[in-house]
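Please model the complete structure; the sequences and the hints are all you need to start from.
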Amino acid sequence: MWTMLKQVLYAQWLASRTPVVLLALLGFALPLFAVYWGSGLEAAGTAGVAVWMAGSESIAALLPYLALLVGVAAGFMAWSPDHAGHHVYALSLPVPRPLFVALRFVVGAALSCVPAVALLAGALIAGLSVSLPDGLHAYPFQLTVRFLFATLTIYSIIFALAIATRRAQLLTAGIIGGVLFADVLLAALSVDYSVTSQVLLWLTVWPGPLSILGGSWALFDV
Amino acid sequence: MSYAIETHGLRYRASRTFEIRDLDLAVREGAIYGFLGPNGAGKTTTIQLLLGQLRPHGGAIAVLGRRVPKDLPEILAEAGYVPERPHLYPYLSVREAIRYHAAFYRSFDAAYADELLGNFRLPGDQRLSRLSKGEMGKLHMLLVLAQRPRLLVLDEPTDGLDPVVRRDVLSALLAFCSQRAATVFISSHLVHELERVCDWVGLLDLGRLVAEMPMEAFKNGIKRIRLGRAPAATDERPFELVSRDAGAGGETWVVRGWQPAMVQWFSGAGGEIREVEDLDLEDGFVELLRAARSRGA
Amino acid sequence: MCRLVLVLLVLLVPAPLLFGQASRGADSRDRRLLLRADSLLVWHRSRRLAAGEAQRLAMRARPESVERLDALVPGAARHDSVHAGLDSAWALLVELGAVPDAFLGSLVLVARDAEDTAAALAGARYAGRGRVVFGPVAHSGPVAIGSAAALAVLRAYRQTLDAEWRAWLPADYGLRRSEPLSDGLSWRDFSPAWSVAGAGCLAGSASACRHWLGLDREPDPYAARFLPAELRGYYERDWWSRGQSRSRACLAGSDVACVAFARESGRPPVVAAGNAARRSVLRAVREIHGPQAIARALADTSGSLGERLARASGVPEDSVVMQWRRWSLGQGRPTGSRLGGREALPALLFAGLLLFAASGSGRWR
Numbered sequence: 001m002w003t004m005l006k007q008v009l010y011a012q013w014l015a016s017r018t019p020v021v022l023l024a025l026l027g028f029a030l031p032l033f034a035v036y037w038g039s040g041l042e043a044a045g046t047a048g049v050a051v052w053m054a055g056s057e058s059i060a061a062l063l064p065y066l067a068l069l070v071g072v073a074a075g076f077m078a079w080s081p082d083h084a085g086h087h088v089y090a091l092s093l094p095v096p097r098p099l100f101v102a103l104r105f106v107v108g109a110a111l112s113c114v115p116a117v118a119l120l121a122g123a124l125i126a127g128l129s130v131s132l133p134d135g136l137h138a139y140p141f142q143l144t145v146r147f148l149f150a151t152l153t154i155y156s157i158i159f160a161l162a163i164a165t166r167r168a169q170l171l172t173a174g175i176i177g178g179v180l181f182a183d184v185l186l187a188a189l190s191v192d193y194s195v196t197s198q199v200l201l202w203l204t205v206w207p208g209p210l211s212i213l214g215g216s217w218a219l220f221d222v
Numbered sequence: 223m224s225y226a227i228e229t230h231g232l233r234y235r236a237s238r239t240f241e242i243r244d245l246d247l248a249v250r251e252g253a254i255y256g257f258l259g260p261n262g263a264g265k266t267t268t269i270q271l272l273l274g275q276l277r278p279h280g281g282a283i284a285v286l287g288r289r290v291p292k293d294l295p296e297i298l299a300e301a302g303y304v305p306e307r308p309h310l311y312p313y314l315s316v317r318e319a320i321r322y323h324a325a326f327y328r329s330f331d332a333a334y335a336d337e338l339l340g341n342f343r344l345p346g347d348q349r350l351s352r353l354s355k356g357e358m359g360k361l362h363m364l365l366v367l368a369q370r371p372r373l374l375v376l377d378e379p380t381d382g383l384d385p386v387v388r389r390d391v392l393s394a395l396l397a398f399c400s401q402r403a404a405t406v407f408i409s410s411h412l413v414h415e416l417e418r419v420c421d422w423v424g425l426l427d428l429g430r431l432v433a434e435m436p437m438e439a440f441k442n443g444i445k446r447i448r449l450g451r452a453p454a455a456t457d458e459r460p461f462e463l464v465s466r467d468a469g470a471g472g473e474t475w476v477v478r479g480w481q482p483a484m485v486q487w488f489s490g491a492g493g494e495i496r497e498v499e500d501l502d503l504e505d506g507f508v509e510l511l512r513a514a515r516s517r518g519a
Numbered sequence: 520m521c522r523l524v525l526v527l528l529v530l531l532v533p534a535p536l537l538f539g540q541a542s543r544g545a546d547s548r549d550r551r552l553l554l555r556a557d558s559l560l561v562w563h564r565s566r567r568l569a570a571g572e573a574q575r576l577a578m579r580a581r582p583e584s585v586e587r588l589d590a591l592v593p594g595a596a597r598h599d600s601v602h603a604g605l606d607s608a609w610a611l612l613v614e615l616g617a618v619p620d621a622f623l624g625s626l627v628l629v630a631r632d633a634e635d636t637a638a639a640l641a642g643a644r645y646a647g648r649g650r651v652v653f654g655p656v657a658h659s660g661p662v663a664i665g666s667a668a669a670l671a672v673l674r675a676y677r678q679t680l681d682a683e684w685r686a687w688l689p690a691d692y693g694l695r696r697s698e699p700l701s702d703g704l705s706w707r708d709f710s711p712a713w714s715v716a717g718a719g720c721l722a723g724s725a726s727a728c729r730h731w732l733g734l735d736r737e738p739d740p741y742a743a744r745f746l747p748a749e750l751r752g753y754y755e756r757d758w759w760s761r762g763q764s765r766s767r768a769c770l771a772g773s774d775v776a777c778v779a780f781a782r783e784s785g786r787p788p789v790v791a792a793g794n795a796a797r798r799s800v801l802r803a804v805r806e807i808h809g810p811q812a813i814a815r816a817l818a819d820t821s822g823s824l825g826e827r828l829a830r831a832s833g834v835p836e837d838s839v840v841m842q843w844r845r846w847s848l849g850q851g852r853p854t855g856s857r858l859g860g861r862e863a864l865p866a867l868l869f870a871g872l873l874l875f876a877a878s879g880s881g882r883w884r
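Protein chains in written order, with my numbering: chain A, 1 to 222; chain B, 223 to 519; chain C, 520 to 884.
Since the hints were derived computationally from the structure, they do not count as laboratory data. There's no promise every hint is true.
[Said to hold, decoys possible] A short, non-exhaustive set of chain A residues, derived as facing chain B with CB atoms under 10 Å:
{"no.": "1", "residue": "A15"}
{"no.": "2", "residue": "G85"}
{"no.": "3", "residue": "V88"}
{"no.": "4", "residue": "R97"}
{"no.": "5", "residue": "L99"}
{"no.": "6", "residue": "A102"}
Treat the numbers as computed from the prediction; the structure is a model and nothing was measured. Don't be surprised by glycine CBs; every beta carbon is placed ideally from N, CA and C.
See below:
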């Protein structure tokens with residue numbers, strides 16, 4: 001089992017190292033950019049803290065999108081080598097199928113941790129490079145863990161969709177289209193109700209599955 | 223008698239116009255079974271059904287004494303598969319592909335793989351995406367042979383390969399078979415290629431098994447007989463009548479299971495033989511197909 | 520139907536049923552906040568519920584509080600609403616702790632729609648007492664009555680304070696109609712774009728906090744509390760200031776002109792900290808040093824506001840501001856913003872569910 005996992009991880013790394021490295025660089029750079037962003041602005045003495053707090057909050061708005069990007073990329077890359085060969089090779093291996101799917105999942109999740117580790121490194125360096133006044137704190141570990149969970153959620157969605165049959169993918173697209181169409185229909189009937197809003201509400205407010213994308217993404221906070 | 227591959231009433235509908243129906247295969251253990259058929263006959267589909275890559279709509283499949291798909295991982299651990307189209311990950315190098323493959327097979331013989339790497343003259347550090355078609359074919363064969371399988375399933379393994387590569391591949395296959403009592407199930411539309419290696423042949427056309435017989439019987443037992451006078455109608459023939467055509471100067475019969483002594487039967491039945499013509503494999507193949515299609519129509 | 524589609528349907532279909540017609544009647548502000556996927560509204564509601572509960576407990580604990588606020592109301596008013604409203608007003612005033620009992624006893628509240636009760640006011644009971652108008656109370660609910668009564672009392676008390684307190688105390692004296700006293704500040708409240716002192720206060724400078732809150736008594740507050748460049752930046756962004764001929768010299772680069780224009784125009788506000796910050800000062804002093812500290816501070820008329828707060832709290836002035844800063848920032852942290860198991864669990868469960876669905880995908884079955 002360990003040998004299989006190593007080989008699948010190595011093969012997946014070879015297939016996806018370029019996007020993983022690029023996303024990791026982005027993850028590393030964002031917290032540093034938040035802190036050093038304000039250095040070129042006019043700021044009298046003690047105004048620096050407000051500048052990099054503002055930078056941290058601006059960058060905080062970008063981090064969920066980075067998590068989304070990492071999750072989507074990892075999800076597609078998990079199956080792209082097998083998609084190219086129509087899954088013939090993978091299906092001919094003497095491994096129970098749920099186990100192979102789990103192997104692919106674990107490997108993809110492991111690779112999507114690379115940008116998270118880079119984010120942690122960048123956040124730690126950013127936190128150490130500023131002197132935090134009393135009452136303000138840096139949250140590099142909290143931020144990284146939130147990033148990891150958000151990435152895992154998005155990755156799981158894309159992973160499942162990528163391995164689904166064409167019929168299931170079309171059905172999923174159909175359900176999404178159906179929800180949107182329902183709104184159009186209700187609007188045409190002058191009914192003050194939005195199915196899309198309710199679905200988004202449910203998804204993004206706890207205990208919705210995408211609630212992890214909300215919350216505080218700021219590296220520095222009270 | 224044990225069978226490496228058995229199917230009973232296998233059924234699979236691929237589309238509205240194509241269906242595999244009532245397929246009863248029986249491949250003996252240790253046999254080198256050639257699975258013949260024209261393009262679109264359903265050979266690849268049958269192989270995919272045997273290896274669990276497709277789910278049948280009816281019937282039963284047993285491979286190496288185990289049920290498909292219930293015992294699929296155990297079956298695949300002892301079966302080597304070379305598909306029609308290359309399926310390995312193109313970004314791996316040759317050695318990386320060997321290591322990847324070896325990780326999944328307990329019986330993988332790394333030393334033998336190295337030996338074959340040298341025999342096939344494959345560049346170990348070359349990426350698979352840069353290998354030629356012949357080199358890729360050899361690599362596939364290397365991987366499945368190094369697995370030391372009990373069953374080899376080869377789907378058009380030499381298709382598109384030049385004669386030199388084809389010879390190398392088939393030589394390695396024969397060498398493997400001579401060392402181990404493995405069963406080989408090889409599909410192809412190249413009749414002459416199968417003639418050299420197979421001892422059994424099954425003929426598939428439009429999803430139906432038309433004929434299944436020892437290669438010897440296929441090679442020597444199909445004849446075209448030109449008759450000056452047809453014998454009196456009788457159902458008790460010592461051979462199988464494949465087709466019967468009437469012409470200006472008499473009738474032409476294509477028969478299967480012919481032996482020279484059967485000439486006497488014609489004399490006894492009031493018939494007159496003008497000529498007994500040997501059919502080569504390809505002609506025999508074509509005649510069997512033609513007869514099967516006319517029966518189906 | 521394959522597992523994936525089944526999982527997605529199970530997750531998506533109940534959403535409209537669970538929320539029903541919640542959007543009908545829910546105000547658009549709620550919807551915007553929720554759609555931002557920010558838990559702030561959830562936090563906000565939970566705090567309101569808690570504060571409301573605290574008020575109800577306060578009223579239950581002081582059944583006699585109704586008697587403390589003498590009020591004249593029209594006969595048409597529903598007395599249970601008025602009683603409940605006056606109870607909540609009393610609770611608010613006690614919570615603030617700023618108004619002495621003697622002052623409360625010295626006035627009578629008159630409902631706006633009972634102003635014609637001149638005869639009642641002339642009676643012995645109300646003789647010599649100050650009259651404070653509040654309401655109207657007829658057809659009003661207890662919450663509206665309560666906050667109107669409390670505000671009216673506080674406005675009346677404000678008139679008894681000295682000019683410095685009158686100028687500094689927030690306009691609504693820290694009370695809002697539908698919410699309890701606000702708590703803390705987010706870091707953003709410390710540093711609007713133009714305020715260097717606010718940024719310095721955020722950075723931990725006690726003197727910057729004093730400047731920002733306007734607690735020092737300065738002969739020239741604009742010169743003491745603002746940098747000319749800061750004022751210039753403010754006027755560049757402020758459309759009214761930009762349109763004034765008197766600001767041209769400042770905008771052209773004259774520092775002296777900037778300070779002069781500030782004195783003349785009163786812009787920006789001489790106390791840079793807004794109502795929220797000043798409200799939180801009162802709250803922090805009350806929380807840390809008790810309600811009597813506010814009463815003592817407001818009754819003190821000597822020295823700067825910072826000195827009065829220091830004397831009332833019994834700690835040095837810098838300590839007062841730093842205590843307020845620490846308390847306020849701590850209160851300003853939204854609960855649940857730090858990732859806990861509660862947030863992570865749906866993500867993990869969902870990932871597990873999808874992995875289960877993926878392993879059952881048609882071709883991989």
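Now the hints, each set against the structure:
no.: 1; hint: A15; in the structure: holds, 5 Å
no.: 2; hint: G85; in the structure: holds, 4 Å
no.: 3; hint: V88; in the structure: holds, 4 Å
no.: 4; hint: R97; in the structure: holds, 8 Å
no.: 5; hint: L99; in the structure: holds, 8 Å
no.: 6; hint: A102; in the structure: violated, 14 Å
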